[in-house]
Amino acid sequence: DEEFVGSRHRETRGHTKQRKLQQKCGDLIRTIRDPEKPNTLEELEVVTESCVEVQEINEEDYLVIIRFTPTVPHCSLATLIGLCLRVKLQRCLPFKHKLEIYISEGTHSTEEDINKQINDKERVAAAMENPNLREIVEQCVLEPD
Amino acid sequence: MGLFPSTKCLPPAISAPARTTSCSPPRRPCRTEGRGPARSALTFQQIRVHVAQHVGDPQLLAGTGATVDVQPGRLGEGGAQRRDGQGAWQRRGQATLRLLGQSAASRAPPPAPAGQPCASGGVHTRGRPPLLRGRCWSPPTSAGRTEPACPGEESNALGSRQAAMKDSLVLLGRVPAHPDSRCWFLAWNPAGTLLASCGGDRRVRIWGTEGDSWICKSVLSEGHQRTVRKVAWSPCGNYLASASFDATTCIWKKNQDDFECVTTLEGHENEVKSVAWAPSGNLLATCSRDKSVWVWEVDEEDEYECVSVLNSHTQDVKHVVWHPNQELLASASYDDTVKLYREEEDDWVCCATLEGHESTVWSLAFDPSGQRLASCSDDRTVRIWRQYPPGNEQGVACSGSDPSWKCICTLSGFHSRTIYDVAWCQLTGALATACGDDAIRVFEEDPSSDPQQPTFSLTAHLPQAHSQDVNCVAWNPKEPGLLASCSDDGEVAFWKYQRPEGL
Chain S
1 DEEFVGSRHR ETRGHTKQRK LQQKCGDLIR TIRDPEKPNT LEELEVVTES
51 CVEVQEINEE DYLVIIRFTP TVPHCSLATL IGLCLRVKLQ RCLPFKHKLE
101 IYISEGTHST EEDINKQIND KERVAAAMEN PNLREIVEQC VLEPD
Chain U
1 MGLFPSTKCL PPAISAPART TSCSPPRRPC RTEGRGPARS ALTFQQIRVH
51 VAQHVGDPQL LAGTGATVDV QPGRLGEGGA QRRDGQGAWQ RRGQATLRLL
101 GQSAASRAPP PAPAGQPCAS GGVHTRGRPP LLRGRCWSPP TSAGRTEPAC
151 PGEESNALGS RQAAMKDSLV LLGRVPAHPD SRCWFLAWNP AGTLLASCGG
201 DRRVRIWGTE GDSWICKSVL SEGHQRTVRK VAWSPCGNYL ASASFDATTC
251 IWKKNQDDFE CVTTLEGHEN EVKSVAWAPS GNLLATCSRD KSVWVWEVDE
301 EDEYECVSVL NSHTQDVKHV VWHPNQELLA SASYDDTVKL YREEEDDWVC
351 CATLEGHEST VWSLAFDPSG QRLASCSDDR TVRIWRQYPP GNEQGVACSG
401 SDPSWKCICT LSGFHSRTIY DVAWCQLTGA LATACGDDAI RVFEEDPSSD
451 PQQPTFSLTA HLPQAHSQDV NCVAWNPKEP GLLASCSDDG EVAFWKYQRP
501 EGL
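First to last, the protein sequences are chains S and U.
Residue numbering for the first sequence follows UniProt numbering, starting at 1 and increasing by one per position.
Residue numbering for the second sequence follows UniProt numbering, starting at 1 and increasing by one per position.
Worth double-checking, as some hints may not be accurate.
[Unchecked claim] Simulated restraints, written as ranges between beta carbons of each label pair:
1) Val219/U to Gly14/S: 15 to 25 Å
2) Pro368/U to Ser50/S: 33 to 43 Å
3) Asn39/S to Glu260/U: 50 to 60 Å
4) Glu501/U to Thr31/S: 50 to 60 Å
5) Leu172/U to Arg13/S: 53 to 63 Å
[Unchecked claim] Calculated lysine-lysine pairs in the DSS-like style (CA-CA distance at most 27 Å, straight line):
6) Lys24/S to Lys37/S
7) Lys166/U to Lys98/S
8) Lys96/S to Lys166/U
9) Lys478/U to Lys121/S
[Unchecked claim] A short list of chain U residues far from chain S (calculated; beta carbon distances all over 12 Å):
10) Cys261
11) Thr264
12) Gln426
The set of hints was computed from the structure by calculation and includes no laboratory data.
Quick caveat, the model's predicted, so the values are computed rather than measured.
We put the CB at the ideal spot given by N, CA and C, even for glycine.
Pulled out of the complex, with its shape left as it was, chain S reads as follows (with noise of 0.2 Å):
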């Protein structure tokens, strides 16, 4: 059945195209530096290719989230990669997207005062104002060499 299979087809791209934004997404925070330690988001474990999730908003437009999981417990270092992985997406994503950035669930004592914090874009906005926070996310979104 021609229509079966054309239906079949385009569910197929769809997925492919949704796993390689996935990809994308996951090739630009794994880079990433930690604010502390001189190892990538990866290295650490900090994010793995399966925390992120790309699901279609609609045509050309898509929703990701991200979640990542904290090596320490101090709530400013998880605050300061949750800014670093929302700054590198916002500036480097080439399609359309709406981001949303979480620790993962049960590895922070605080996740839910952070979680909001990362998800404000006034509070991102502003942080980003500031000269030394500023100075510390952009050190650690820079591409490698």
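Since the structure of chain S is provided, determine the placement of chain U on it from the hints.
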């Protein structure tokens, strides 16, 4: 310089008086070809020092403030959520249970038209699964994923309804108000002839009509060192106030097409999020991430004096607005509440706290009479609250001489992301919302509905009104149906709203 063009220059520290050209990160994908000269990178030791300075601060996202002192005491200050021993999620969960309990007890709401979510007074009524989660800040599970309202056309009736709702908002024009940046807020002057816009490029722009198009009449630069978050016109239309992330509020005096900064109000510890003039013209309110609301008095000589610092909120205060005809002030906060303040014996006091939203309340709007207040939130709902004075007919209890406020309507299931602004038209009573899903919506109250439990219907829904989040919607105060909106994409758009037949 690295591969990110934005690393060419950094915003100035707040203490530096000199102005620099603004540079915010360009909103385009990073390029990997072509590299500039390498910038000397901070060593990891230096980064560790910076980070150590911030470790004492549980609220890391500190905007202003060149240095952060490590204050061990502040570690415990994670906000009211932890103080009472209950997690924030538990409190929100209880709020949800209370609401669900109410819905069982109340009388049956009017049935929704097929496939169309509707709102009814006092309770949630939805055609779709509830958007409120017990834990607002946990990642969505695949089962609980919220759906945008009206996804796809299920029937011809729904399709033509959607088309009608798109047609009720007609685009009149767009201007690139804050290019390469975001536009945060808009304000019409009282005469309705000028529109002020402000944004991440640290500028305020004044727009006016010239024939059929909107042109930029003035640019107010060099007033602020950081993002300008909100602007507000004085009731006489001769002054404009601008609130900035640089922790100051500038007062500009209008002299034909020129604006001159006549005063800078300082005092807030960090970003000022909102500014509002009282209808009398003698009072100004500001609010900040420092959790406080300040009330300022202005005299005939344009002298400003802070008459009150209100510390009722437990978190970042996002918005302040004055009642249209009483000296009553309302504030919206990251602590999920709305608070009301009035003057009592020479000092300002908090006279009411409105609880119910499950996440940050971003904006507020009073209805033309001032009897009702609309609030919009990160929890994707709009709530309508009504004032009940002591001795009211409905028998709503009041404590002392202060009126009580009750939530009489909740609009849920209509917005698929955070609602950043709500605007109540003073001429027609229509309610417009600005949403993080790039859409603009308009609601109108059903004329036959009970004033104590009003129902609102969605009369306009324009997806992709902008290419990014809509941050503000503003009704023109003189021309009915004229609506302005602005977005993270830096653009300002003008719309003509007309309630379509049959909706």
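For the pair we were handed, Lys166/U and Lys98/S, check the Cα-Cα distance against 27 Å.
The hint holds at about 23 Å.
Do Asn39/S and Glu260/U keep their Cβ atoms within the hinted range of 50 to 60 Å?
About 53 Å separates the Cβ atoms of Asn39/S and Glu260/U, which means 50 to 60 Å holds.
Between Leu172/U and Arg13/S, does the beta-carbon spacing fit 53 to 63 Å?
Given a distance of about 39 Å, which is not inside 53 to 63 Å, the answer is violated.
Holds or violated: are the alpha carbons of Lys96/S and Lys166/U at most 27 Å from each other?
holds (22 Å)
Assessment of proposed distance window 50 to 60 Å (beta carbons of Glu501/U, Thr31/S):
holds (56 Å)
Using the beta carbons of Val219/U and Gly14/S, state whether their distance is inside 15 to 25 Å or not.
violated (45 Å)
So is Cys261/U really clear of chain S, every C-beta pair being over 12 Å apart?
Since the minimum Cβ distance to chain S is about 20 Å, Cys261/U lies beyond 12 Å and the statement holds.
Satisfaction of hint between Lys121/S and Lys478/U, Cα-Cα up to 27 Å:
Violated. Lys478/U to Lys121/S sits at ~32 Å, over the 27 Å cutoff.
Do the beta carbons of Pro368/U and Ser50/S sit within 33 to 43 Å of each other?
violated (52 Å)
Quick one, are Lys24/S and Lys37/S close enough, alpha carbons at most 27 Å?
Within the cut-off at roughly 24 Å; holds.
Examine each Cβ of chain S, and state whether all of them lie more than 12 Å from the Cβ of Thr264/U.
holds (18 Å)
Just double-check Gln426/U for me: nearest Cβ-Cβ distance to chain S has to come out over 12 Å.
holds (26 Å)
In this structure, the earlier hints numbered 1, 2, 5, 9 are contradicted, and the remaining ones agree with it.
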